[in-house]
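Peer 1: Sequence order for the protein chains is P and D.
Note that our numbering gives residue 161 to position 161 of the first sequence, counting from 1, and the numbers run on in steps of one.
Note that our numbering gives residue 26 to position 26 of the second sequence, counting from 1, and the numbers run on in steps of one.
Since the hints were made in silico from the structure, they are not lab data.
Computed from a prediction, not measured in an experiment: that's the story for all the values here.
Each hint should be verified, as a subset may be incorrect.
Identical copies carry no separate label here, and so any pair may be met within one copy or between two of them.
Unchecked claim - With a straight-line Cα cutoff of 25 Å, these simulated DSS-like cross-link-like pairs (lysine-lysine) come out:
#1 K111 with K6
#2 K101 with K43
#3 K182 with K6
#4 K81 with K103
Next come the chains, spelled out residue by residue.
Number of protein chains: 2
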Amino acid sequence: MYILQKRIEEEGKVLNDDVLKVDMFINHQIDVALLNELGLEYKRRFEGYEITKILTIEASGIAVACITAQYFSVPVVFAKKHESRNMDSSVYQSEVYSFTKEKIYNIRVSKEFILPNDKILIIDDFLANGRAILGLMDIIEQAGASLTGVGVVIEKGFQEGGNKLREAGVKLESLAIIDSMKNGNLKFR
Amino acid sequence: MYILQKRIEEEGKVLNDDVLKVDMFINHQIDVALLNELGLEYKRRFEGYEITKILTIEASGIAVACITAQYFSVPVVFAKKHESRNMDSSVYQSEVYSFTKEKIYNIRVSKEFILPNDKILIIDDFLANGRAILGLMDIIEQAGASLTGVGVVIEKGFQEGGNKLREAGVKLESLAIIDSMKNGNLKFR
């Protein structure tokens, strides 16, 4: 997607061969007008597919998911990463290993919010090794719901997540795929 | 605000005299259509005020802030609560005591994203004791920026935050104010 790729080139910061920061428009400051373009693009790419809910994960997935949900007229559900005193005890949960934080954490979704007849679009900001998205897919399976597809904003094509999902037959739509960031040079697919 | 009050009455869960769960439409599952009504209401209440940025705090503030930002055509910045390996070292930070989690945490905003000429609208889902919002105000002050006002979705009027802010001369707009939840009975102001 051209305008996204341009923004990544202009404002993204390649910290090393693995880490790209897009704090300027997605992950810390959020350009809501750009997110609307992304939402519209997801709408085009999932045209004709049945979607009853968008599932994402806190925190930075929430913005893209909510803006996108406006184009599908469906609610968003976000999986929680952090313990909360007020969380329901009746939850689906899955373990996710985070390479960024170097630890395992649990993601949780209340059983009330994913039902067996739900057709779910997963939306997230980044896809790298795919652990977070596999965790969300695990939760969808536990609930007996269906996965319609996965939409990510930026896929790190040099990490395994994207290929793993495609090989599993998942309809994966990545709005920008970066094949290499070696020596600070961004190469898009 | 009538439709919000109605939703709280119909779908909110009063867990005890202090805790109201609105997981069904704001804090876990998100009704984006309702959030659009809230965003439009903030637009009305802050009509004519100068706003260059909306500031919120992860995670559940992000949804309301982003949908609202569409009505003001400004970016959103969200303060981070959790350590991240990729966070800038150059940040404004403030300590916030959380009564829900019973601990002190740091909130952080990169110095790049709040500038001295910014006029800021703080948006958050809940206002109770006001600690999180006072932390955000502290960060705005550190940056030398101006606070235009504060918009919260639900104010617990029986806790001190709202009065503290009003006494400090802050333009506070709470879309629903709950004066009591004793014995499970919601009383709105």
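Peer 1: Quick check: which numbered hints come out false for this structure?
Peer 2: Of the numbered hints given earlier, the structure breaks just one, which is hint 2.
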